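Chains C and L, in that order, are what the protein sequence lines are. Quick note: the first sequence, position 365, residue 365 per the UniProt record's numbering, numbers continuous. Quick note: the second sequence, position 126, residue 126 per the UniProt record's numbering, numbers continuous.
To be clear, the hints were calculated from the coordinates, so they are not data collected in a lab. Here the structure is a predicted model, which is why all the values come from computation and not from measurement. Note that the Cβ used here is the ideal one computed from N, Cα and C, for glycine as well. Incorrect hints may have been included.
[Stated by the list, open to error] Simulated restraints on C-beta separations: (1) C/Ser355 - L/Glu215: 36 to 44 angstroms; (2) C/Gln360 - L/Glu26: 26 to 34 angstroms; (3) L/Asn340 - C/Glu79: 35 to 43 angstroms; (4) C/Glu339 - L/Ile85: 37 to 45 angstroms; (5) C/Asn29 - L/Val175: 42 to 50 angstroms; (6) C/Ser355 - L/Gly77: 36 to 44 angstroms; (7) L/Asn340 - C/Asp154: 57 to 65 angstroms.
[What the hints assert, rightly or not] Mimicking DSS-like on lysine-lysine, the simulated pairs with C-alpha atoms at most 25 angstroms apart in a straight line are: (8) C/Lys302 - L/Lys38; (9) L/Lys299 - C/Lys21; (10) L/Lys302 - L/Lys348.
Protein chains: 2
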Amino acid sequence: MQETQEMNQRGTLVLKFMVLKDKLSEAVNQVMKSVSNKTTLPILTGIKLTATHEGITLTGSNSDISIKSFIPKEEEGSENAIIDIPGSIVLPSRLFSELVRKLPDDEVFINADNRLTAVIRSGSSEFNLNGMDPEEYPNLPVITEKESCSIRKDLLKDVIKQTVFSVSVSETRPVLTGVKWTIQDNTLTCIATDSHRLAQRTIPIEHGPSATNQELVIPGTSLSEFSKILDDDGEETVEMIMTENQILFKVNHVQFYSRLLDGNYPDTSRLIPSESKTTITISTKELYRAIERASLLAKEEKNNVVKLVTEGDQAEISSQSLELGRVFETIPIDKFEGENQRISFSAKFMMEALSRIDAQSVRIHFVGPMRPIIIRPIGDEHILMLILPVRTF
Amino acid sequence: MQETQEMNQRGTLVLKFMVLKDKLSEAVNQVMKSVSNKTTLPILTGIKLTATHEGITLTGSNSDISIKSFIPKEEEGSENAIIDIPGSIVLPSRLFSELVRKLPDDEVFINADNRLTAVIRSGSSEFNLNGMDPEEYPNLPVITEKESCSIRKDLLKDVIKQTVFSVSVSETRPVLTGVKWTIQDNTLTCIATDSHRLAQRTIPIEHGPSATNQELVIPGTSLSEFSKILDDDGEETVEMIMTENQILFKVNHVQFYSRLLDGNYPDTSRLIPSESKTTITISTKELYRAIERASLLAKEEKNNVVKLVTEGDQAEISSQSLELGRVFETIPIDKFEGENQRISFSAKFMMEALSRIDAQSVRIHFVGPMRPIIIRPIGDEHILMLILPVRTF
Numbered sequence: 001m002q003e004t005q006e007m008n009q010r011g012t013l014v015l016k017f018m019v020l021k022d023k024l025s026e027a028v029n030q031v032m033k034s035v036s037n038k039t040t041l042p043i044l045t046g047i048k049l050t051a052t053h054e055g056i057t058l059t060g061s062n063s064d065i066s067i068k069s070f071i072p073k074e075e076e077g078s079e080n081a082i083i084d085i086p087g088s089i090v091l092p093s094r095l096f097s098e099l100v101r102k103l104p105d106d107e108v109f110i111n112a113d114n115r116l117t118a119v120i121r122s123g124s125s126e127f128n129l130n131g132m133d134p135e136e137y138p139n140l141p142v143i144t145e146k147e148s149c150s151i152r153k154d155l156l157k158d159v160i161k162q163t164v165f166s167v168s169v170s171e172t173r174p175v176l177t178g179v180k181w182t183i184q185d186n187t188l189t190c191i192a193t194d195s196h197r198l199a200q201r202t203i204p205i206e207h208g209p210s211a212t213n214q215e216l217v218i219p220g221t222s223l224s225e226f227s228k229i230l231d232d233d234g235e236e237t238v239e240m241i242m243t244e245n246q247i248l249f250k251v252n253h254v255q256f257y258s259r260l261l262d263g264n265y266p267d268t269s270r271l272i273p274s275e276s277k278t279t280i281t282i283s284t285k286e287l288y289r290a291i292e293r294a295s296l297l298a299k300e301e302k303n304n305v306v307k308l309v310t311e312g313d314q315a316e317i318s319s320q321s322l323e324l325g326r327v328f329e330t331i332p333i334d335k336f337e338g339e340n341q342r343i344s345f346s347a348k349f350m351m352e353a354l355s356r357i358d359a360q361s362v363r364i365h366f367v368g369p370m371r372p373i374i375i376r377p378i379g380d381e382h383i384l385m386l387i388l389p390v391r392t393f
Numbered sequence: 001m002q003e004t005q006e007m008n009q010r011g012t013l014v015l016k017f018m019v020l021k022d023k024l025s026e027a028v029n030q031v032m033k034s035v036s037n038k039t040t041l042p043i044l045t046g047i048k049l050t051a052t053h054e055g056i057t058l059t060g061s062n063s064d065i066s067i068k069s070f071i072p073k074e075e076e077g078s079e080n081a082i083i084d085i086p087g088s089i090v091l092p093s094r095l096f097s098e099l100v101r102k103l104p105d106d107e108v109f110i111n112a113d114n115r116l117t118a119v120i121r122s123g124s125s126e127f128n129l130n131g132m133d134p135e136e137y138p139n140l141p142v143i144t145e146k147e148s149c150s151i152r153k154d155l156l157k158d159v160i161k162q163t164v165f166s167v168s169v170s171e172t173r174p175v176l177t178g179v180k181w182t183i184q185d186n187t188l189t190c191i192a193t194d195s196h197r198l199a200q201r202t203i204p205i206e207h208g209p210s211a212t213n214q215e216l217v218i219p220g221t222s223l224s225e226f227s228k229i230l231d232d233d234g235e236e237t238v239e240m241i242m243t244e245n246q247i248l249f250k251v252n253h254v255q256f257y258s259r260l261l262d263g264n265y266p267d268t269s270r271l272i273p274s275e276s277k278t279t280i281t282i283s284t285k286e287l288y289r290a291i292e293r294a295s296l297l298a299k300e301e302k303n304n305v306v307k308l309v310t311e312g313d314q315a316e317i318s319s320q321s322l323e324l325g326r327v328f329e330t331i332p333i334d335k336f337e338g339e340n341q342r343i344s345f346s347a348k349f350m351m352e353a354l355s356r357i358d359a360q361s362v363r364i365h366f367v368g369p370m371r372p373i374i375i376r377p378i379g380d381e382h383i384l385m386l387i388l389p390v391r392t393f
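Same shape as in the complex, but just chain C:
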């Protein structure tokens, strides 16, 4: 312990506070979602801690997203933190997040001196960490509240889950790695497509901008990370503030910034067939499981393609692998309209689409073996999934 004290005495304290471990740990976990160890700017491997007389702010950032999490000094009458000396320090993120989780006591005492040495104490545990200069930490974008609206947290979480899986993972058309958000007349429409499939959902929003239509494309990875921060409880709302190249989400004590994608998002409305030659109503779960089993063989082949054949009141799902064998599945069609179809598609795409649908049954529309398949949950016209078939002959 002697060595430690000497070390601290070398510099002047420029930051000193106590914070509850659970609050600190929660905030660290939130900002860690924006911290990458693969960054060209070394300081961004760190988490910035800033203490003011109001509380403590943690900041993490990478080239796409930045996250601020605020721990108020007091909350609902109980004390989260005591600030002795307001100030800042940047600490190595991975080490800091691991050690915070493992500290022995409920209270954590943190200080830093003007030589950038930080001391973290908890119970009989004491860490001396080499920090980084908070002056070198880049400023987050300044966002003036121009266009803003609010959305229910659970709805936002749903809409992200139901669209983001369809974004493109290829960088050949960067704009397709994002989800297009269109805000119009108090509704938000989200569309994602990788040009082989598409997912679309419309939800109501509150306090929409009085101005004209708003269109933006948000990187899919940003939305996935943001979704992880949204817990499941409560019907809180998330505030969204949009500028030309940034979107800021505010929820509880978290601010989540994401850059927007440039480029023209393609007009997807023409992809969706207006006619339907065949419409079937079928159990979501039974269809999912039959395709999952057929996929056991299909995935051994390169394309993971399964075939669906309708025979009036039943559908046959099949696939084969030259090496391993074949599989046949029959499932009842609850309601059949139109002509019989034989169509092949990616098992993976169909399973991903069906797994995002909560409804017990889906309605599937076919136009022909080479035309898009449309899947909609029964009882919810605001969700649409589209899958392009695969030519197998």
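Since the structure of chain C is provided, determine the placement of chain L on it from the hints.
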């Protein structure tokens, strides 16, 4: 469905049975522990299914271990299987185990014809699989019951957990990749060492061989896999049958064969110091957690070494990383005897040893900074962990 029936009609059925999915799935999971996809003998990528009028046997095998799991036709008055045509087939293991888990119905109908095509039906699901010739499947070692003994299942699971982690992972001295078992006077002593640390435990056994001492070295990986098959419930016993180069464990309906390792296992008794300069009694959990935190910095350095310094009634654990900083931990010593010590050791080795000890406190014996450290749980003299210190000056 027409295609399927044609396919079956081509050959003569040589195997036909029904089995409950849960029973089949359990047996498949057990034998899968011995199946590797990296094998030089293609037939060993499969699981062999054999139906007799008594029930169904599944077999899996690799170069080290073989597992047989038997599903009796009837068990406790209820029916597990109906055998129509006794026979055998070998099916691709990975695909078969995945599909069994995902079958829709409780009952599974399996048949195979003389052209090695197997059909697996469950509910409205039907798989046609290309099987392999059971005649090509190697015979398991024939074991005549020469030397056998029994051991309580929970004790066996414990003794494996408490020793196998210390085996060598390097093939430079192959015999050290195994655990040495010595059976003598109705006790079993298990010893594992990688020459930097050692773990040893003695347990009682039942119906030991009346013959002389028995010594064998069992591959660590075999014991790890076998341990996964042992569930936690009940005080059943495991029967062990030993031959010159094989050991067979029998428990419930499972037979687990492992080859034994050749070569002379070193005499480890001389490694264990007979004297002790310092003896401390300390909380297992507190020591573990302090070393775990110190290890956060230590593991950033190549050797993951922490230092322990005793100061009468307290122990200081520390470590440092030039790049990141330092950590100091103080924990109370419950009972101190002898002179103070300064000693460095691998954090990983100490954590692995402590995590295998259930007792609340451990007694640690030191002889000096370069002599082995001995750790024993308080209240159980049958367990001994040894760690060699690391020179840090």
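- Item | Satisfaction of the hinted span 42 to 50 angstroms by the C-beta atoms belonging to C/Asn29 and L/Val175 | holds (46 angstroms)
- Item | Verdict for C/Ser355, L/Gly77 (Cβ pair) under range 36 to 44 angstroms | Cβ of C/Ser355 to Cβ of L/Gly77: about 41 angstroms, so the range 36 to 44 angstroms holds.
- Is it true that L/Asn340 and C/Asp154 lie within 57 to 65 angstroms of each other by Cβ? Holds, at about 60 angstroms.
- CB-CB spacing for L/Glu215 and C/Ser355 relative to the 36 to 44 angstroms hint: violated (55 angstroms)
- Item | Satisfaction of the hinted span 26 to 34 angstroms by the C-beta atoms belonging to C/Gln360 and L/Glu26 | holds (31 angstroms)
- Given the proposed pairing of L/Lys299 with C/Lys21, does the C-alpha separation stay at or below 25 angstroms? holds (23 angstroms)
- If you check the beta carbons of C/Glu339 and L/Ile85, does the distance land in 37 to 45 angstroms? 43 angstroms Cβ-Cβ, so the 37 to 45 angstroms window holds.
- Is C/Lys302 within 25 angstroms of L/Lys38, Cα to Cα? holds (21 angstroms)
- Query: Is it true that the C-beta distance of L/Asn340 to C/Glu79 lies inside 35 to 43 angstroms, as the hint says?
  - Reply: holds (41 angstroms)
- Does L/Lys348 lie within 25 angstroms of L/Lys302 when you go C-alpha to C-alpha? This hinted pair holds, its Cα atoms lying about 12 angstroms apart.
The structure fails to meet hint 1 from the earlier list, while all remaining hints are met.
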